[in-house]
Amino acid sequence: MLKKEQNDLVTQTGPGTPMGDLFRAYWLPILLSEELPENDCPPVRVKVLSERMIAFRDSEGKLGLIDEFCAHRGVSLWFGRNEECGLRCPYHGWKFDTTGQCVDVPSEPEESGYAKKIKLKNYPLIEKGGVLWTYMGPAETTPPEPEWEFATVPLNQSFTSKRLQENNWLQAMEGGIDSSHVSFLHRGDLNNDPLFKGAAGNKYNLADSKPVFEVVEAPGGLYIGARRNAEDGKFYWRITPWVMPCFTMVPPRGDHPIHGHFWVPIDDETCTAWSFDYHPTRPLTDTERQAMKDGKGIHVRYVPGTYRPLANKDNDYLIDREAQKAGRTYSGVEGIGMQDASLQESMGPICDRTKENLVGTDNGIIMARHRLMRAAKALHEKGVLPPGRTVDDMKVRSAAVILPPDQHYKEAAKEALIAKVGVKQTSV
Amino acid sequence: MLLSESARVTTAQEARFRIQTPNSKPRAVKVIALDSEAARLVDEISKQPWNGAAFFKSLSFEQSGGDNVKAWLNDLAGHTSDLVGEVANADCVVVIAGAGEDAASVSVIAELCNHYHKTLVALVVPQGSYDQDTVDRSLKALRPHAKMLVIAHERDYIEAMLTALRA
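Protein chains in written order, with my numbering: chain A, 1 to 428; chain B, 1 to 167.
Chain A with its partners taken away, still in its complex shape (with noise of 0.2 Å):
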């Protein structure tokens, strides 16, 4: 249970906000590469903590993302002519480039000067591992670039989607760290998802519907050790990172690629869902690539032509009763991304967390909530930079374990939770 006031704190990410001010503090992922494959290809439109900007890449691959209204009239640079290094504004000509400079002001004489005058607000936009980032905060505080492992291993072993979810960042974040959910919601999907079935944890998810937890603090962030029994007196042990202040991972299954997850605020009332996989060590297969395309894991189809999920709110998720009936899913609803999509966005756009009634295993909620407000009172009030911005923060792996009794796994799976070049993920 939050209070409204820090339901509120939490939710809202606007400029000014506090929660906001702490967004604002790390490099996001806001497109795909895909989507601004080549030099002068169309812009396009982004929203990200309530702002909204136009991305483009500029005829020398310069990456810009700016302020979508022109400073003329406030048309759309959506429709401009994205040519000769910069874009211009089809309405009266109106050119900007990457750094949201205007360079052209046609009514006016060049000497005039008068273009100088002119710039947008504009963001830093980088592109790392197949996807693009921007950093919104002050230049001053800069953190350093992404670093996450997904990020990082060669384009062949990973795969990244993202999805508009029509709800609020927390409450699809707050399923991430969720581990309690996936011995029902998707227990259908253990042992038929072609990127989850196979795994000898599997069995261990599916035998125990009551895990016990363990949260313990990270520098980033937190832990999560959700324990299950196993053979011999010992645990079976998934270990979920997270990492302020939207940062997920799932415990890997087998040999399965890994995935995990990045909540980022469009608005206070949609998010966008990241979703990727990659292996640390090998390519990903063209049976697990096709699988990830075809909406299989984390990931989902689509809307063709947009990254709505195609099963969405507007056709009651193409729920199947006769599926959950027979038990191929639990909720009716195919898909782990969209299951967990469907219900969170269910709650409506922005959770009511005055009415919820929280148990004691969802302190891992508990403690991420309470470490959010924290940090954003912090860098509001007293200017202090928020936990999760350091190299070694992104560093982290999600980790499944067997362990005797009398270890925890924080020390006894220590390494395991260490993103390092070359080496395997630790997993069951």
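Wrong hints could be hidden among the right ones.
Claimed, not checked - Straight-line Cα separation of at most 27 Å, DSS-like style, residue types lysine-lysine; simulated pairs:
{"no.": "1", "chain 1": "B", "residue 1": "K25", "chain 2": "A", "residue 2": "K3"}
{"no.": "2", "chain 1": "B", "residue 1": "K140", "chain 2": "A", "residue 2": "K4"}
{"no.": "3", "chain 1": "B", "residue 1": "K25", "chain 2": "A", "residue 2": "K210"}
{"no.": "4", "chain 1": "A", "residue 1": "K210", "chain 2": "B", "residue 2": "K140"}
{"no.": "5", "chain 1": "A", "residue 1": "K420", "chain 2": "A", "residue 2": "K197"}
{"no.": "6", "chain 1": "A", "residue 1": "K355", "chain 2": "B", "residue 2": "K25"}
{"no.": "7", "chain 1": "A", "residue 1": "K410", "chain 2": "B", "residue 2": "K140"}
{"no.": "8", "chain 1": "B", "residue 1": "K140", "chain 2": "A", "residue 2": "K414"}
{"no.": "9", "chain 1": "A", "residue 1": "K414", "chain 2": "A", "residue 2": "K210"}
{"no.": "10", "chain 1": "B", "residue 1": "K47", "chain 2": "A", "residue 2": "K377"}
{"no.": "11", "chain 1": "A", "residue 1": "K203", "chain 2": "B", "residue 2": "K140"}
Note that these hints are calculated values from the structure, not bench results.
Fit chain B to the known structure of chain A by using the hints.
Leaving out everything else, chain B in the frame of chain A:
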């Protein structure tokens, strides 16, 4: 195009029609300090306004033969309570242990929680400049018994957790 039922009911506008009647009754959360360091914390935390949470410290146990254990808690006013009665009437039991302190009494509390089907949440609170071995000792003592085990580095986290649990 007509909106689907899911599209219609998930709008902010529709959220206004959610039933506002409380969806839960007050719950009984029992917070028990397992050692003197934890007792100091519990004493401070108990001074906040709570929704009926009960705070205890200074456990004492007496083995009376067989499996029969008599155990007592002291509430903050110094009154002695029967552990069995408190657990039996709890919705959730939270035990707090100072890192490295003697947490052996948790086994008795856990036994009662099992008997009465109550969730046991355990918090380990490291003190000052602690070392990992100290924390590990506490975790090891608590792990077999707790449904949820948390290392809580700050007092304000304990307060946040109790608030979240409507304690």
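K414/A paired with K210/A [C-alpha distance capped at 27 Å]: With Cα atoms ~25 Å apart, K414/A and K210/A stay inside 27 Å; holds.
Pair hint outcome, K25/B versus K210/A [Cα-Cα no greater than 27 Å]: Given pair K25/B, K210/A holds - Cα atoms ~24 Å apart, limit 27 Å.
Proposed proximity, K3/A with K25/B (alpha carbon, max 27 Å): Measuring from Cα to Cα gives roughly 17 Å; hence the hint holds.
Pair hint outcome, K410/A versus K140/B [Cα-Cα no greater than 27 Å]: Satisfied, since the Cα-Cα distance of roughly 13 Å is no more than 27 Å.
Straight-line alpha-carbon gap K210/A to K140/B, limit 27 Å: OK: K210/A and K140/B at ~20 Å, within 27 Å.
Distance restraint between K140/B and K414/A, which requires alpha-carbon spacing of 27 Å or less: 17 Å, holds
K47/B paired with K377/A [C-alpha distance capped at 27 Å]: 24 Å, holds
Pair hint outcome, K355/A versus K25/B [Cα-Cα no greater than 27 Å]: OK: K355/A and K25/B at ~12 Å, within 27 Å.
Distance restraint between K140/B and K4/A, which requires alpha-carbon spacing of 27 Å or less: 38 Å, violated
Satisfaction of hint between K197/A and K420/A, Cα-Cα up to 27 Å: Between K420/A and K197/A the Cα gap is close to 26 Å, so the pair holds against 27 Å.
Proposed proximity, K140/B with K203/A (alpha carbon, max 27 Å): 26 Å, holds
Violated hint for the displayed structure: number 2, the only one.
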